[in-house]
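In case you want the letters, here they are:
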Amino acid sequence: MSAVGVKARTGSTALDLVLRFRALGLLVALTALVAVTTAVNPRFLGGQSVRDVLFAAAITVLLACGMTVVVLTRGIDLSVGSVLGLSAYVTASVLAESGMPTGPAMVLGLAVGAACGALNGVIVHFGKVPPLVATLGTLYVLRGVVYFLAGGSRINASDLPRAFLDFGNGRLLGVPYLFAVAVLVLVLVGVYLGRYRSGRDLYALGSNPEAARLAGLPAGRRLMTAYVLSGSLAGLGGVLYAARFGTVDASAGFGMELNVVAAVVVGGVAIFGGSGTVLGAALGALLLTVINNALPVLRIDQFWQQAIIGALILAAIALDRLVSIRAARALRQKGSHVD
Amino acid sequence: MSTEAPARRRDSALLRAATTWDAAIIGVTLVFLVVAAQTVEHFGTARNAGYIILDLAPILLLALAMTLIVTTGEIDLSVASTVGLTSAAMGVMWNAGMTLEAIMPLAVLLGAVLGAVNGLFITGFGLPSLAVTIGTLALYRGLAYVLLGDTAVADWPRLFTGWTLGNIGEGAVPNVLAPMAVLAIVFGLVLHATPIGRSVYAAGANPIAAAYTGIAVGRLKFWLYVTSGAMAGLVGVLWTLRYSSARADNAYGLELTVIAVVLLGGVSIFGGKGALPGVLAAVVLLVSLQNALRLAHVSTEALTVVTGSLLIAAVLAPNAASAVRGALHRRRRRTA
Amino acid sequence: MSRIRLLRYTAPLLALALVAACGGTTRDDADDAGPADEGASADPNADFQTGLSIAMLPKSVNNPYFDASSSGAEAAATALEGTFEYTGPSDASASSQVSYIDTLSQQATDVILLSANDPNALCSSLDQARAGGSVVVTFDSDVDPACRDLFVSQVNSDEVGLALLEMAAGQIGGDGEVAILSATANATNQNAWIDVIESELESNPSYADIELVDVVYGDDEDEKSFSETQGLLQAHPDLSAIISPTTVGIAAAARYLSGSEYKGEVALTGLGTPNQMREFVTDGTVTEFALWDPTALGELAAYTGAAAASGIITGAEGETFTAGDLGEYTVGADGVVTLGPPTRFNADNIGDFDF
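Chains as they are written, first to last, in the UniProt record's numbering: chain Z, 1 to 339; chain F, 1 to 336; chain V, 1 to 355.
It should be emphasised that the hints constitute simulated quantities derived from the structure, not laboratory data. Nothing here was measured: the structure is a model prediction, and the numbers come from that model. The C-beta atom is built at its ideal place from N, Cα and C for all residues, glycine as well. Treat the hints with care, as some may be off.
Okay, the calculated bits of chain Z under chain V, using three or more residues with CB under 8 Å as the criterion [unchecked claim]:
no.: 1; region: 49 to 56
no.: 2; region: 153 to 167
no.: 3; region: 244 to 254
no.: 4; region: 289 to 302
Just a few of them, taken from the derived set where beta-carbon distance is under 8 Å, the chain V residues facing chain Z [as the list claims (entries may be wrong)]:
no.: 5; residue: Glu85
no.: 6; residue: Thr87
no.: 7; residue: Gln230
no.: 8; residue: Ser260
no.: 9; residue: Asp283
no.: 10; residue: Thr287
With a Cα cut of at most 25 Å, we get these calculated SDA-like pairs of lysine to any residue [as the list claims (entries may be wrong)]:
no.: 11; chain 1: V; residue 1: Lys263; chain 2: V; residue 2: Glu223
no.: 12; chain 1: V; residue 1: Lys224; chain 2: Z; residue 2: Leu322
no.: 13; chain 1: V; residue 1: Lys263; chain 2: Z; residue 2: Pro161
Using the sequences plus the hints, can you model the full thing?
Spelled out as C-alpha cells, the structure:
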C-alpha cells in the first residue's frame with residue numbers, strides 16, 4: 001500500500017480498513033469452522049443442514065440489526081427477548097383465537113414491538129434513564145406482561161393457520177423465507193445507516209453526543225428512531241418465531257438478549273457507540289449460529305456453548321481495543337510526518 | 001460526616017443529595033414493614049423475619065461490593081455467574097474428596113481470581129466494564145456447566161448446611177446475620193470513613209481529576225473487582241450450603257436483582273454518588289416486598305413486573321425530582 | 001498501600017469468619033426433622049376431612065402440563081369442599097421453590113402438592129413445613145423420600161421404559177439405530193426410563209438388532225431440543241428412530257422432522273400430549289406415542305394428600321384409599337402411589353383426547 005494513497009483518502013480509510021478487517025476476520029472464522037466441521041461430517045454442508053443454519057440464524061440476524069442501531073447511539077436494548085416473546089404470543093393468540101387474517105396479525109405483532117421500543121425510547125430520552133437500566137427494567141416488566149397474558153397456556157401449531165406456518169417453514173429457491181426477510185431487513189437498515197442523513201446522525205450521536213447536540217442534531221428524535229426500530233425488529237422477530245416454531249408459550253425468546261448482544265459485539269460494533277456495521281453484526285450472528293449447530297456435529301459437549309460465547313465476546317472486544325490502539329498510533333505517526 | 005470535610009463543598013452537596021435519597025428509601029422501607037406487618041397475615045412474625053433474612057443474604061452480600069463498583073462508575077454483571085461457577089467448583093472439589101474446611105476458602109479464592117480476570121480486562125486493557133462483564137457472565141456460567149453439567153452435588157455435611165439455616169443460640173435470629181452484619185459494617189466503614197472510600201467517590205465523580213490528585217484509579221478498580229469476585233465466591237459457599245446443592249445454575253439471573261437494589265438504594269449508575277445505608281434499606285425493601293406479595297397470594301407475574309418497575313422508578317424518581325427542583329429554582333431566580 | 005492491604009485481607013477474613021462460625025455451631029437439623037405424624041396409625045375407614053387447604057407448587061407456573069395437573073387437583077379440592085391455591089415461581093429453579101414452600105408452611109397449608117426442581121435442595125424447607133403440620137405430597141418429580149410423606153408417580157418406571165422401547169421397535173421393524181432425546185441430564189424420571197431401555201436392549205433377545213447410539217439433552221427447552229434433533233440426524237446418518245421421553249422434546253423433534261427430508265424416514269416416538277402431537281400424527285410424522293393424563297395425576301395427588309391429612313393413610317406400604325372417580329389406590333414401597341400404565345395415542349384414538 002503506497003503512502004500516497006493513504007494520504008489522499010484521509011483518516012477514514014484506516015477506519016474502513018478496520019471495519020472491513022472485522023468482516024473479513026469473521027468470514028475467515030466462519031469458513032474455517034465450516035471446513036473443520038464438514039471434514040468431520042460431510043453432511044454439515046448438505047442442503048438440509050445449511051437450511052437449518054439459515055432458519056436458525058434468521059431471527060438472531062434480525063434482532064442484531066436492531067441492536068446495532070441502538071448500540072451505535074451508545075445505548076443497549078436488553079429487552080429484545082421479552083419484546084420478541086410478547087409479540088410472538090400476541091400474534092399467535094390473535095391468529096389462533098380471534099381468527100384475524102394472517103396479514104393484519106403480522107402487522108399487529110410488528111406494532112406491539114414498535115410500541116415496546118417507543119416505551120424504551122421514552123424512558124431513555126425523556127426519563128433520562130441510562131439505556132442499560134431502562135431496558136433491564138422493561139426486560140422484567142414485558143416478560144411479566146407475557147406471563148400475565150399467557151399464564152400457563154401454550155399455542156400449538158395445530159391452532160395456527162396453515163398459510164402462516166407455511167410462511168415460517170417455506171423456502172423460495174431453496175432459501176427460507178425467514179432468511180430472505182432477514183437479509184432484506186439487513187440491506188434496508190444497512191442502506192439507512194450508510195446513506196441517509198438521519199442514519200449518519202446515529203453514528204455522530206454515538207461517537208460524541210455533546211458535539212452532535214451542539215451541531216444541532218435532533219438527538220431525541222434520533223434516539224426514539226433507534227429504539228422504535230430495535231423494538232419493531234424484535235416484534236418482527238416474534239412474528240417469525242411464531243411462524244417458524246408454531247408452538248408459543250410464555251417463555252418464548254427468554255434469555256435471547258445475551259445472544260443478540262454477543263452477536264453485535266462479536267460483529268465489531270463498539271459497545272460505547274459510534275462505530276460498527278449491520279453487516280458485521282449479521283456475520284456475528286451467523287457465526288454464533290454456526291457454532292451452535294456445529295457443536296453437536298463435532299461431538300463437543302453442548303455445555304461448552306455458553307462458555308464459547310463468553311470467550312468470543314471477550315476476544316472480540318480485546319481485538320477491537322488492540323486494533324483501535326494500532327490505528328491511533330498509525331494516525332499519530334502519519335500526523336507527525338505531515339508536520 | 002460533613003464536618004470532617006470542610007474544604008470540599010461540592011462533595012458535601014453530593015453527599016447531601018445522596019442522604020436525602022437515603023433517608024427517603026429508609027423511610028419507605030420502614031413504613032412498608034410496619035404497614036405489611038399490620039395488614040399481611042404471617043408477615044410480622046419472627047419466623048418470617050428469619051426467612052426474609054435468609055432470602056436477602058446473597059443479594060445483600062453481592063450488593064456490598066457492587067455498591068463500591070457502581071460508585072466508581074463501573075458495573076459487574078458477572079457476579080451471579082461467579083456464584084454459579086464457585087458453587088459448581090465446590091461440587092467438583094467435594095466429589096474429589098476434599099474436606100469442606102479446605103473447599104470453602106478455596107471457593108472464596110476462586111471467586112477472587114474470577115474477579116481479578118474482570119479487573120484485568122477492565123483496568124489492564126482499558127475495556128468497558130459493561131462489555132467485559134457481559135462476556136464473563138456468559139463465560140463463567142458456561143464454565144460452571146462444563147464443570148458440573150446438569151448434575152447436582154447434594155451430599156453436604158449436615159453440620160454446615162444446618163448452620164446456614166440455623167439460628168443464633170435458641171433465638172429467632174439466623175446465624176447468617178452475624179457475618180452479614182460484620183461485612184456490611186466493614187464495607188460501610190471503608191466507603192464512608194476511609195481514604196479508600198473517598199477515592200471511590202472521586203474516581204466515580206471525575207476519574208481524570210481523581211488521577212491528578214494522585215489516586216491510582218486503575219489499581220483501585222482492579223481491587224474492587226477482586227473484592228466483588230471474593231464476595232461472589234463467599235455467596236457461592238453460602239448458597240451451596242443453604243440449599244445443600246451445588247449446581248451450575250445456582251443464582252441464575254441474580255445479577256439483575258443486585259443491580260436493581262444498588263440503583264434503588266440511590267447509587268448513581270454514572271458513578272460518584274450513593275451511600276451504603278440506602279442500598280441496605282433497598283435490599284430489605286425488595287425482599288420483604290416479594291415476601292409480602294407471596295404471603296398475600298399475589299401472582300408471580302406481578303413480582304416480575306414490580307421488580308422491573310422499581311428498577312426504572314429508582315432512576316426515574318430522582319431525575320424527575322431534580323427536574324422539578326430545577327424548575328422551581330429557575331422560577332425563584334426569575335421572580336427574584 | 002494500606003488501602004490495598006485492607007482490601008486484600010477482606011477475602012480470607014470472610015472465609016475464616018465463616019469457617020470459625022461453622023465450627024462453633026453444633027445444632028443439627030436432622031434431629032428435629034422427623035415428620036409430625038410419624039407413628040400415627042392409619043384409619044382406613046375415616047372420612048375425608050372437609051375444609052382442607054390444598055396448595056399445588058409446580059416446577060414453574062406458565063407450564064401447560066402443570067396447568068392441566070392443577071385443574072385436576074382443583075376438581076378434587078372442590079369435591080372435598082376444601083380450598084385450592086396454585087402458586088409457584090416463573091423460573092424452574094430450586095431456590096425460588098424454597099421461598100414458596102416457606103410461604104406455604106407459614107400459612108399452615110394442610111396439604112402441599114409439589115413437583116420438585118431438585119431432589120435435595122428443598123428438604124430443609126419441607127422438613128419445617130411438615131414439622132408445622134403440613135402434609136407434603138410430591139407428584140411428577142420426587143424429592144428424597146425422607147423429606148415428604150408420599151409421592152404420586154405418573155407411572156411405574158419399568159412400564160414407561162418398556163412401552164417406549166416397544167413402540168420404537170414396532171415402528172422400525174425391530175432393527176436399526178435408535179437415539180434418545182431427553183430432558184435435562186439430571187432429570188430423575190427420564191434417567192430411570194433410559195436405564196430401563198438400556199438394560200432391556202442388553203437382555204431382551206427380541207431387541208438384539210437395535211442399537212442405542214446416542215443420548216442427547218434438550219433441557220426441556222423448545223429451541224434446544226429442536227437443534228439437538230438436527231444434530232442427532234447429522235451425526236448419525238443411519239438413524240432409524242428417535243425416542244423422546246419428554247413432552248417438550250418430542251414436540252420439537254416432530255416439528256423438525258415434519259419440515260425436513262427425514263419425515264417418514266426416521267421414526268419418532270416418546271411421551272407427548274395429544275394436543276401438541278395431533279398435527280404430526282395427522283401428517284404422518286409420528287405413528288404412535290404415549291403419556292399419562294396430567295389432569296388425573298393432579299387429581300390423584302390432591303386425593304392422596306387429603307387422605308393423608310385426614311388420617312386415612314400415613315404413607316406406609318399396603319394402605320388403601322379411594323380417590324374419587326379415579327377409584328381405589330394402594331400405597332406402594334417408599335410411600336409411592338402409582339397412577340397407572342401410560343395411555344398410547346395414535347391416529348385411531350387421538351381424537352378422543354383433549355389435553
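Status of the hints after comparison with the structure:
no.: 1; hint: 49 to 56; result: holds (count 3)
no.: 2; hint: 153 to 167; result: holds (count 5)
no.: 3; hint: 244 to 254; result: holds (count 6)
no.: 4; hint: 289 to 302; result: holds (count 7)
no.: 5; hint: Glu85; result: violated, 14 Å
no.: 6; hint: Thr87; result: violated, 12 Å
no.: 7; hint: Gln230; result: holds, 5 Å
no.: 8; hint: Ser260; result: holds, 6 Å
no.: 9; hint: Asp283; result: violated, 10 Å
no.: 10; hint: Thr287; result: violated, 17 Å
no.: 11; hint: V/Lys263 - V/Glu223; result: holds, 19 Å
no.: 12; hint: V/Lys224 - Z/Leu322; result: violated, 35 Å
no.: 13; hint: V/Lys263 - Z/Pro161; result: holds, 21 Å
In this structure, the hints that do not hold are numbers 5, 6, 9, 10, 12, in rising order.
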